[in-house]
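Trainee: Spelled out from the first residue to the last, the chains are:
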Amino acid sequence: MKTYNDTRLLHGGDYNPEQWLAHPEILKKDFELMDKAHVNTVTVGIFSWSTLEPEEGVYHFEWLDKVFEAMHKRNGRVILATPSGGRPQWLSEKYPEVNRTNILGQKHHHGFRHNHCYTSPIYRKKVQQINRQLAERYGNHPALLMWHISNEYSGECYCDFCAEKWRDWVKDKYQTLDAVNDAWWMTFWSNSYSSWSQVVPPSPLGEHKVHGMDLDWKRFVTDQTIDFFLNEIEPIREITPNLPVTTNFMAEGHDQQDFIPLEGLDYSRFAEVIDIVSWDSYPDWHNPYEPLHLTAMKSAYIHDQYRSLKKQPFLVMESTPSYVNWHAYNKAKKPGMHILSGMQQLAHGSDSTLYFQWRQSLGNSEKFHGAVVGHDNSEKNRVFQEVATYGKRLDTLAAIKGTPKEAKVAILFDWESNWALKRGGGFGRPTRRYIQTLQENYRFFWERDIAVDILTPNQDFSDYALVIAPMLYLMQEDTMKELSEYVKKGGILIGSYFTGMVNENDQLHLGEWPQTLQTIFGLLPQELETLYPGEHNQILYQGKSYQTKDYCGIVQETTGKVIATYSQDFYVNTPALVENRLGQGTAYYLAARTDLDFLEVFYQPMIEKLALQQEIVKDTQPKVSIQSRTDGQHNYYFLMNFSEERQQLELLQPLLDLETNQTLTGLLTFAPYEVKILKKEN
Amino acid sequence: MKTYNDTRLLHGGDYNPEQWLAHPEILKKDFELMDKAHVNTVTVGIFSWSTLEPEEGVYHFEWLDKVFEAMHKRNGRVILATPSGGRPQWLSEKYPEVNRTNILGQKHHHGFRHNHCYTSPIYRKKVQQINRQLAERYGNHPALLMWHISNEYSGECYCDFCAEKWRDWVKDKYQTLDAVNDAWWMTFWSNSYSSWSQVVPPSPLGEHKVHGMDLDWKRFVTDQTIDFFLNEIEPIREITPNLPVTTNFMAEGHDQQDFIPLEGLDYSRFAEVIDIVSWDSYPDWHNPYEPLHLTAMKSAYIHDQYRSLKKQPFLVMESTPSYVNWHAYNKAKKPGMHILSGMQQLAHGSDSTLYFQWRQSLGNSEKFHGAVVGHDNSEKNRVFQEVATYGKRLDTLAAIKGTPKEAKVAILFDWESNWALKRGGGFGRPTRRYIQTLQENYRFFWERDIAVDILTPNQDFSDYALVIAPMLYLMQEDTMKELSEYVKKGGILIGSYFTGMVNENDQLHLGEWPQTLQTIFGLLPQELETLYPGEHNQILYQGKSYQTKDYCGIVQETTGKVIATYSQDFYVNTPALVENRLGQGTAYYLAARTDLDFLEVFYQPMIEKLALQQEIVKDTQPKVSIQSRTDGQHNYYFLMNFSEERQQLELLQPLLDLETNQTLTGLLTFAPYEVKILKKEN
Amino acid sequence: MKTYNDTRLLHGGDYNPEQWLAHPEILKKDFELMDKAHVNTVTVGIFSWSTLEPEEGVYHFEWLDKVFEAMHKRNGRVILATPSGGRPQWLSEKYPEVNRTNILGQKHHHGFRHNHCYTSPIYRKKVQQINRQLAERYGNHPALLMWHISNEYSGECYCDFCAEKWRDWVKDKYQTLDAVNDAWWMTFWSNSYSSWSQVVPPSPLGEHKVHGMDLDWKRFVTDQTIDFFLNEIEPIREITPNLPVTTNFMAEGHDQQDFIPLEGLDYSRFAEVIDIVSWDSYPDWHNPYEPLHLTAMKSAYIHDQYRSLKKQPFLVMESTPSYVNWHAYNKAKKPGMHILSGMQQLAHGSDSTLYFQWRQSLGNSEKFHGAVVGHDNSEKNRVFQEVATYGKRLDTLAAIKGTPKEAKVAILFDWESNWALKRGGGFGRPTRRYIQTLQENYRFFWERDIAVDILTPNQDFSDYALVIAPMLYLMQEDTMKELSEYVKKGGILIGSYFTGMVNENDQLHLGEWPQTLQTIFGLLPQELETLYPGEHNQILYQGKSYQTKDYCGIVQETTGKVIATYSQDFYVNTPALVENRLGQGTAYYLAARTDLDFLEVFYQPMIEKLALQQEIVKDTQPKVSIQSRTDGQHNYYFLMNFSEERQQLELLQPLLDLETNQTLTGLLTFAPYEVKILKKEN
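Residue numbers (this note's numbering), protein chains in the order written: chain A, 383 to 1064; chain B, 383 to 1064; chain C, 383 to 1064.
Everything labelled a hint here was simulated from the structure, so no lab data went into it. Because the structure is a prediction, the values reported are computed rather than measured. Check the hints yourself; a few may be wrong.
[What the hints assert, rightly or not] Between beta-carbon pairs, the in silico distance windows are: (1) A:Glu1027 to B:Pro717: 48 to 58 angstroms; (2) C:Leu892 to A:His523: 52 to 62 angstroms; (3) A:Lys943 to B:Lys762: 40 to 50 angstroms; (4) B:Glu414 to A:Asn955: 30 to 40 angstroms; (5) A:Glu1027 to C:Ile945: 50 to 60 angstroms; (6) C:Lys693 to A:Leu409: 30 to 40 angstroms; (7) B:Pro478 to A:His496: 32 to 42 angstroms; (8) C:Glu867 to A:Leu409: 31 to 41 angstroms; (9) C:Pro406 to B:Ser844: 40 to 50 angstroms; (10) B:Ser844 to C:Lys448: 31 to 41 angstroms; (11) B:Ile485 to A:Glu1026: 49 to 59 angstroms; (12) C:Asp640 to A:Asp1039: 48 to 58 angstroms.
C-beta atoms are modelled at their ideal positions from N, C-alpha and C, and glycine is treated no differently.
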């Protein structure tokens, strides 16, 4: 693992001096303001290609040299981006193949961003050329901290290059057409391939509902994106073998009231080829559809998932000091929210708070996206002042830099299961909601300040006290075996409706549910009843009744013990929750989807038995989140009030306030949005 | 009329052994399970082309031979499908012209199904070749019951072949450009044709709002679809002149809370060229937007419409034993619902219950569509058990096979009026709802167990006691005359707002409403007031007030007698319902759309006067449907409880339970979903 | 200024005899019915090209000669349209370049209307040829009143001709690529142009979110549309230099509950090249989403805006005597509504009530659009009778023809600000609602019968007592100076959130808000808080609380006096309304959007102080609108009851009823929809 050489928490962000080259007074003022804002790091070059190489082969680096020098002079650092996210007009014009072709076969021309063909040989060559130039010029510069490769990789291309690559990918995976036809079940509707030339990308104008093909296409998109990335870093690895590389991951879904990891790319695969995970974090604070602490919970979930990708500290590469411009309604963070949301990043394992963006542009499509320096070009406004205050507080928290987070609870998430669940027919199309269901489980732990890792089934989960794996729809044989081993050795496992329903080709198992799963859970699934919105059944559990929604699995227990049953409909009195002892451990199969009230009574005894509760305050408060990082010798606790009200917590032991160096005891009071960072010696 | 040679009610359905050729144990098990399920018929070949002819001109029939032999051995029958609904990849690849071109001129490539060009000479030739092969090989096989031509014909193509055919069709119909320009009123917006080459299909990129053209285009689509069908059956008629042919019709509209006959093709025209009507019946049972008996009513409506197409027993070619996969929410039938819904098919004149599908596929887009044999490959589950129980009950009901249904009430429905009403502007676009309005009228009779035929105006309605023809917007001269004759000879006719508004070119009548209609209804329409949703007027009728909705026609009576008037707005006290005596009969013009409460007081005296009431129970129950079939000597009554509650009916006379052979008298009790089939000697 | 030579109010409208050439009895009847309807003017030729020139270069004018003669004979007048809105099929077929290309690059073929390329050299030539023919033949005809150029210009074309013209336009405006890159802020996302060939129209397949480009594209569309218009009128100006030309403007937005001026074209620019403003007025009377008087208010707003374009009487070129056909629900005007709505046109400065259309077509897409003569071809129906009554009343009102309207209040509206506000991100996308906010301000004055002019910032507003300019987002330096001068000389000016936020390139000002604006308003804007729907703050003003919505600007006063403050959230107690004295005048900055209740208490003292109240009745009624026109010697008052209820008003002085010639005094009673026109000697 490569890491970077700086002991500070990084504070700063995307800096676009190329927009201001005609305004030297602005460039000068930038650095004065950076000092005032306690900024130590800038990310440059993300959309600078047309400035770096205004004509093919003609390079202009002077302006960038100055940034490196200026940052170096003030002991600051530079994260240098490769510019492939936004290519110059001349490149699109001279080599039209570099532009993306959409799913309808329409060739795009130049415009917008992030829309190159990731297969085009010319684009790959041109990207290597500019990247090599950058590496040669800045690779040894002492201010250079790491590489930021491209920007927010995403999307798909359907050009002939990509179609050919897709064909090769399929050929390479399956070797024979018979194998393809089998895997994708192509005799259905008489669509069996009889020639490799018939294998083309999915399209609404051709094949577009073949589940196995769609799943493989998503895998191919991830593979080809990574392949493009690997091409990008070739000259960089050659010239700067010791510098870490990252690329900024994304989340999605704000205006739909969701806030979830990006679904289009399997980041668990991508994480394997980068040195440091980083992401662009834009929670929808102060939204009208949920209380603030639920926004914080979703934000925490994504932090934990991205931290878990490598189980290392990560970076927040982008965030806004105020508002974004791409929501339907773009609300600024209220006073205090910026510091609270920044501290949450650190609390979950980030070693940075970086912004998009340092300075607002005066024109073009993101001119109303927030920045540290606004259009008023002044340090007097509220946003700049809060950023500066935050930067100053970061200086006192450097000790936490690089410290990991420890968790005994794992939630399993699988990009491939998610892809498969989102495609095709059956059950309730609008109610699959795999990630959102994981977040509902996560919420239980987050509200009780219990740390959670979010792993893929390919990661090692054998040492966790509790593994929560509902809706793991697509399951490899290996995963089944590892889950079985995990339980046998004493683990506690949670499965559910949809668990293990299909194999890696999104095909059903012929005959019974796989024997390994039967043994783990002690039951046989019979039917999966789909409920309409507003339709419910009830679960009777320990004498109380809990409402179900969306799905009620009907199962028959074998070795398992029925510990909850349905209260109505034709499957009344059949099992809703089955507990199965296996070896030293226990597996639970929760057949129905429930609300949080049921999850609370279900999980509460487990966390007590496993002694998972946090140990520094007397009673936890759902709206005050406590997260900790540790360097082994010390634990660092972040206590964060995600509410508009004053809150109180009672410390169980004296703890040191890391910022004031005072020892705190007894009842702590938190103003709205207030954060305290406490330190404990181990 | 050709019919098939089997005395049983058909039970079975779509069978796709080609998906399982690599699994001989599955193929073996299929036939064992068919015996257990009391299956006597399989439909094969629907999507088998790529298996039958994996390379051009290379045929593989062995697998199909085995199906024929296996079915024959167990006294079962085969419905053999022509495979044109899903062509092989090689055909699309070698002859791209066979792929459809959409309305934007985008050429599709291979994929999905049901998307060939119906004009392509090569496709027509290739279809004939494979059909000839099938007819030659299986035409004399004793297990062959009938031909199932293609699958669910639908859709449109806009390729150059189709454009040329469209031009020919227009030329053939109108002979001169002047006639086209007149019929389509093309001087409007200066769009008069000056050359035949200007006549091209409607398109959003060209002409797309010319009412007359749109109407003719829909006619052309039906004609060209039938023409394709006639091409398909040429070798079949030649080789197997005595075997009946059918093709499976469709319904549409589930997720929109509608369940109505397919609107895109004029099935009354299609019915003329097939021997037996069959359709694919997928009511949305247990939906959240209506009580169960209303779903049953809509389902009954479509059964009656398709039965009335030839006024003969029909076949249910597809239905699901459990759930479908293409709704937003796909709910399984609850226990008992399968038998109830199957019996309803028979009650309305079906001689079969056939399923899509025998066995669920493991992969691809319909893998979650229900089947007799599920992924568990077992007879133990609920669905298989219910199918088997149903199959066993069918064995005792063979006597009803082939018996017709008798009705004294006719509802008129016209595909062309529906097309014309759905196009273009004016009035309330979302509230035209022609078919749904017919269903509201139908509901009155269905809830009282009075049989109804649903005819087109081209069918003979002269012998019915009551003809209900609201919203017959487009009316030919002939229809007016026949309606007039019908009333004069003693019939009772119901017309309404929209009745007879346009001629066959969707053109208004210049001057007064046609004299024939004036004479029939005794009035002159003045205006048609459109109401917004939530806006209402009231009708005062026999001292009580009834709410109107959507439309209030303003009329002036001539010879008619005003028997209801409006209660408010500027047309207060003007006629809402006019009764007109003509010869021996009476015509009613209901000027406004009302709720069911008004239809009840309007129709109730008529059914009493005409003695249309059912005669076997004392009081009918809306939720218990009674439908009968008769062979002249015996009447067979289906009493079906479409509710989740216990229901009671009191028999007016002793009747024989056809399944138990016991005579029932007095009070009958029906469990939820229960069906009894009773027999009466005439 | 050219004007037309007729002393009457024009009554009549679009007449399409070319649809009826095969029906001479209809053509004959038309003129008989026109006499009965008191019609004095017909507009012909709008969609007659295929009749005028059925083959290229072959002209048929006889039918049109007859119209001219018939109108002349009865002392009627003809408005002659050029036919470019609907070209003949042969033209589209022979010269495909004349057809429009859409934003996706799809070439349209012939069909529909209003979809020619406005750049095509051939189309421009062909349009000149036919226009020249018309001018030569009818230019000296005594019945010819004026020219109606094309029809409802709108839309955009993206063909190669237009792309080339766009490039020239950009080159002409900016001269250098550096200037383009600066103006559009193209270094952002690395999109700087390095060659003129890269400058192409915006497209979803290329550049489509560059604010400056989008704004310039809208300007180009207006310019190119006007350029097409100027090409059209070349032969007309040459041959008939003394005849006025007009083209019919549009409004938009009915089914979205909006009724606003067309947004796509800058009519203030277009108005400069026409002699008379005319527009097509289709308010959504009797809709379910607002009381009638609010529909009237929106209708009045557009009348006033189009009248203000030239500050002269205008024409209503189209309106419907009954219903339209293109709403979701097409409701006919109730009895009395036609006369009321027609009189409203006159009240706001129209010298005509013209209809689309004289006679309903029997077929094609607008066959259900209302007309004076319906399908019944009769004068007996309600619509014809009301039109005739209205025509007769117009005869008594000729004195008002040509009289202007006087207003002391101006609302500023700017098409460019509207375009810029509607594009791109930031703030609340669904809540910008610039025009709707102007209408909310207008409503205050309309309900109190105070006349308002609606001007662009380029018009002279120096003489108004009150200038209301909220949300004037894009502001030129000149405008700032003129506003400053206006206030200094004693004017009262209203600004708001969004005011003066960007320059003419939709770029933010770097640094503080422009000094001129600071001086005018006496404050510095700090932040613009966006509220979600349902989210509110309160304004405390003169001891009472008023709700805000959508936007709350946060400002810091300098020279201004805070006269209202916010009641909650982090900006509690900061200024919500600032009053600033400057020279002899006062400027108000209303930082937040409010409901009408606040506008009432805000504006009421102003109108009292400025003595703006109407002076003929004692208490105004919001639902009875009073509007006046004046010839200096006389004032003509229209008193219009826009409600379904009887209303009363008390006259402050005796006034003459212009229609009855009786003097009215004291309490006047208005039946629902009733209109009285009163005359006062000055």
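Trainee: Verify the CB-CB distance for serine 844 (chain B) and lysine 448 (chain C) against the hinted window 31 to 41 angstroms.
Mentor: About 50 angstroms separates the Cβ atoms of serine 844 (chain B) and lysine 448 (chain C), which means 31 to 41 angstroms is violated.
Trainee: Would you say the C-beta atoms of glutamate 414 (chain B) and asparagine 955 (chain A) sit inside 30 to 40 angstroms of each other?
Mentor: 33 angstroms, holds
Trainee: If you check the beta carbons of aspartate 640 (chain C) and aspartate 1039 (chain A), does the distance land in 48 to 58 angstroms?
Mentor: Check passed, 56 angstroms falls within 48 to 58 angstroms.
Trainee: Mind checking the hinted window 40 to 50 angstroms against the Cβ distance between proline 406 (chain C) and serine 844 (chain B)?
Mentor: Once the Cβ atoms are compared, 41 angstroms apart, the range 40 to 50 angstroms for serine 844 (chain B) and proline 406 (chain C) holds.
Trainee: Does the hinted range 48 to 58 angstroms hold for glutamate 1027 (chain A) and proline 717 (chain B) at CB?
Mentor: About 51 angstroms separates the Cβ atoms of glutamate 1027 (chain A) and proline 717 (chain B), which means 48 to 58 angstroms holds.
Trainee: For isoleucine 485 (chain B) and glutamate 1026 (chain A), compare the CB-CB distance with the range 49 to 59 angstroms and indicate the outcome.
Mentor: 54 angstroms, holds
Trainee: Taking the CB of glutamate 867 (chain C) and the CB of leucine 409 (chain A), does the distance hold inside 31 to 41 angstroms?
Mentor: Holds: the Cβ-Cβ distance is about 38 angstroms, inside 31 to 41 angstroms.
Trainee: Per the hint of 52 to 62 angstroms, is the separation of the Cβ atoms of leucine 892 (chain C) and histidine 523 (chain A) within bounds?
Mentor: Given range 52 to 62 angstroms: violated, Cβ gap about 30 angstroms.
Trainee: Would you say the C-beta atoms of lysine 943 (chain A) and lysine 762 (chain B) sit inside 40 to 50 angstroms of each other?
Mentor: 23 angstroms, violated
Trainee: Between the beta carbons of proline 478 (chain B) and histidine 496 (chain A), is the distance compatible with 32 to 42 angstroms?
Mentor: 33 angstroms, holds
Trainee: Looking only at beta-carbon atoms, does the pair lysine 693 (chain C), leucine 409 (chain A) fall within the given range of 30 to 40 angstroms?
Mentor: Given a distance of about 50 angstroms, which is not inside 30 to 40 angstroms, the answer is violated.
Trainee: With respect to the beta-carbon atoms only, verify the hint that glutamate 1027 (chain A) and isoleucine 945 (chain C) lie 50 to 60 angstroms apart.
Mentor: Between glutamate 1027 (chain A) and isoleucine 945 (chain C), where Cβ atoms are some 33 angstroms apart, the hint is violated.
Of the numbered hints given earlier, the model fails hints 2, 3, 5, 6, 10; all others are met.
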